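Visitor: Sequences and hints are given; from them, build the entire structure.
So you can see what is in the structure, the chains are spelled out below.
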Amino acid sequence: MSTYAAPLKDMRFLLNEIAGLKEILGFPAFSEVDADTVDAILDEAAKFATEQIDPINIIGDRQNSPKWDNGVVTVSPEYKKVYKLFCENGWHSMPGDPEFGGQGLPNLVNFAVNEMWRSASIAFALCPMLTMGAVHAIEHHASDEIKQKYLPKMVDGTWGGTMNLTEPQAGSDLTAIRTKAKPNPNGDGTYLISGTKIFITWGEHDMAENLIHLVLARLPNSDPGLKGISLFVVPKFLVNDDGSLGARNDLICSAIEHKLGIKGSATAVMSYGDHEGAIGWLVGKEGNGIAYMFTMMNHARIHVGLEGISVAERAYQHALTYARERIQGAIIGDDDSKKNPKPILFHPDVRRLLMDMKSRVEALRAVGYFTAGNMDIAQNASDPAARKKAQSYVELLTPVVKGWSTESAIHITSDGIQVHGGTGFIEETGAAQYLRDSRITAIYEGTTAIQANDYIGRKTAREVNKETGEVGNTARTLYKEIAVFADELAKDAKLGDIGKNLQEAAKALITTTDWAIKTYGPQPQVASAGSVPYLKLGGIVIGGWLLAKSAQIAQKKIDAGDADPYYKGKIGTTRYYAKHWLVQAEAISREIIEGGESVLALDEPLF
Amino acid sequence: MKVLVPVKRVIDKDVRVRVKADETGVDLANVKTGLNPFDEIAIEEAVRLKEKGVATEVVVVSAGAAVNQDVLRTALAVGADRAILVDAGDVELQPLAVAKLLKAVADKEAPQLIITGKQAIDDDAGQVGQTLAALLGWGQAAFASKVEIAGGAAKVTREIDGGLEILEVKLPAVVTADLRLNEPRYPKLPDVMKAKKKPLDTTTPAELGVDVTPRLKTLKVSEPPKRQGGGKVADVADLVNKLKNEAKVI
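Top line first, the protein sequences correspond to chains A and B. Positions 1 to 607 (our numbering) are the ones given, in order, by the first sequence. Positions 1001 to 1250 (our numbering) are the ones given, in order, by the second sequence.
Be aware that one or more of the hints could be misleading.
Said to hold, decoys possible - Pairwise CB distance ranges (calculated): (1) A:G595 - B:K1196: 29 to 39 Å; (2) A:K285 - B:D1014: 32 to 42 Å; (3) A:P55 - B:K1248: 39 to 49 Å; (4) A:I327 - B:V1031: 25 to 35 Å; (5) A:K285 - B:E1183: 48 to 58 Å; (6) B:D1235 - A:E51: 37 to 47 Å; (7) A:G189 - B:L1200: 47 to 57 Å.
Calculated directly from the structure, the hints in this document are not laboratory data. Predicted model, so just to flag it, every value in this text is computed and none were measured. Beta carbons: idealized from backbone N, C-alpha and C, even for Gly.
Guide: This is the structure in structure tokens:
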């Protein structure tokens, strides 16, 4: 077994050199935070993740998963203990608004700290993640009365929060939602909610004293489409005016799911209003439920993308530990290893697996942190043009971070098993859990196909500049930035080979983007058939760009006499990525442009 | 009552230490460092004394390079009130020099109690606490697993070979913390953020009038010999025979 160690070197490098931490800390909103404090926060979070959260990951998965009994869900004592300490030590409230007890840190710093929680245990970290999602929805859209009543205790973790969107017939398509809300006949302004919600992450548990459910439901005589859906706050226990807990609301967790992964979290089937109706309070205006949810969407999707990055990192560390320990077979081309056995790390193919895992994790992390930094710039920069550009990058990169990180994570965690050989297939070694846990990340908060359609469609081919009529400006701007950088790097005496491969990859991305913009209108099915490979192409090239930028900075540090081996590692990792991943760009481009029609060619009876 | 807690910055306990190729020492470049774990226990004890109302102020002190500020900030986040950095630059500080520096600080601060770790996990010298007590002419109680303050004295339970020894030392005194004295807490995030605002004063060996020139010379630092493969013994008689004739230990 391995112990999680937060990759603080890489995190700090990305925060400072790629994601713009220094600029962000200069914004007035963060005048209370300085670089030393960020350093101290990262150190303490790393310690907490390693010592407290990482050890309970296996407990939730295979030893003592949440148990359901007649509507009550009980989690393991270890989960309860760590949750309590997590809240008491202020980690739960970290991302909250200072007005309600949060710490007012940059989103970027929260992002890095959240990587640690999720590497240590996705299942555990989902609980605070969902609560904070609900907190943000209330913070942005609910009345002051609701905010004051619920937020302080949700921010500090005393109460949990959940998001109730999905129903058995309403998965990716939320227009099919049937849960009903009607004005309370007693006329007190509340609503009575009834219906069934499924796949509610941490929908019921005993770590928090109360659970505040955010529920999408339809009011009587409302629009049958998305505009007829409203958002309600529906607490498990009604909250009295003095903040104490009152009567149990008419809602129950009628079952929890048996899942492939994230077994440490309770995924609930929620039944609202089996009797008189669950009492709920309207958030914002009637009919705005979906719009409110969508303002949360960028945030939620980027955070699921971060789950992919995190679990991939954890799987890499796990595989690396094993590869350093396990001795098996002589190493090809190394006769000495017949007499003095070496660990499997020295086998060329194990090396390849580890390099592949490492380089991809670092590329994913770079894109994630770059996007998270742009979120801060978009919200806080004083220059409106800088804000606008940052926001456009966040919009464009959100589906990439979500879709590409999670799809990659499935392959990286699978490679982690491969490094272990047969023992990786056995649950006791722990490698399998990371693959199982990673699998959901490419599904929830919008499947990969939904991300890919968003990326090729709304974020590229349908992004029209209202003034000039130009299409796909954000994508073109970013890819041009990449191409210009690649041209410069291609001339570099030491890193020119990396620059050359990035040049070719950027060219493939630009060509494919032109094709996508041209094809999307007249042949939407062909474009859509190529959308997932297009997402992959975007991820590979954008990730390669940020790795290459990192390598350039690392080379400068080395040239200036910095002997930190991290920099040498960064350059070697980038070179591997350039020669194994960037070279795929051209093939994927052909796959998209030439292969779209073949996806749709067979008549249905031929399947 | 004022409590002074001397702390050391050491290689992180989870880092695999490597000996330098030229055998002049261990490789410290780009290696993660942190608070000496025994000093964490000492800080925790001091903070608990303050929470119980026994101590009124907890001051942490560290001697070494400017980067030692990091471990002082950690101590402030856990609950120390202020910190003193003795900035000695890159000079190698040996146990006697550290004890002298701490004596100079103690003379100024006049604490009633000094608690520090029983040893640092890097060089394992375990000399500073005892030497400091001798230099100050104070009583000392090393390897404490329990500390009770009452009536101007400290009742200290010490872990010794074969059991526990309970002794009483008159204050002021020096106590060194053993592993089982307490379980250090995690600093809370709001306190980590506030630590930056707590006072941290810097002084130097020259200002304290202490000569820190090294007196010990390190001849060589090398890896322990590689463990040779073991063997199986057939029975007890065989074992006794081997112990007698091969290992020559009985």
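Visitor: Hints first: check each against the structure and report whether it holds.
Guide: Results for each hint:
1. A:G595 - B:K1196: 29 to 39 Å: violated (56 Å)
2. A:K285 - B:D1014: 32 to 42 Å: Since the Cβ atoms of K285 of chain A and D1014 of chain B sit about 53 Å apart, the hinted range of 32 to 42 Å is violated.
3. A:P55 - B:K1248: 39 to 49 Å: Holds - the Cβ-Cβ distance for P55 of chain A and K1248 of chain B, about 44 Å, lies within 39 to 49 Å.
4. A:I327 - B:V1031: 25 to 35 Å: holds (27 Å)
5. A:K285 - B:E1183: 48 to 58 Å: Check passed, 52 Å falls within 48 to 58 Å.
6. B:D1235 - A:E51: 37 to 47 Å: Distance hint for D1235 of chain B, E51 of chain A holds at roughly 44 Å.
7. A:G189 - B:L1200: 47 to 57 Å: holds (54 Å)
Checked against the numbered hints above, the structure violates hints 1 and 2; every other hint is satisfied.
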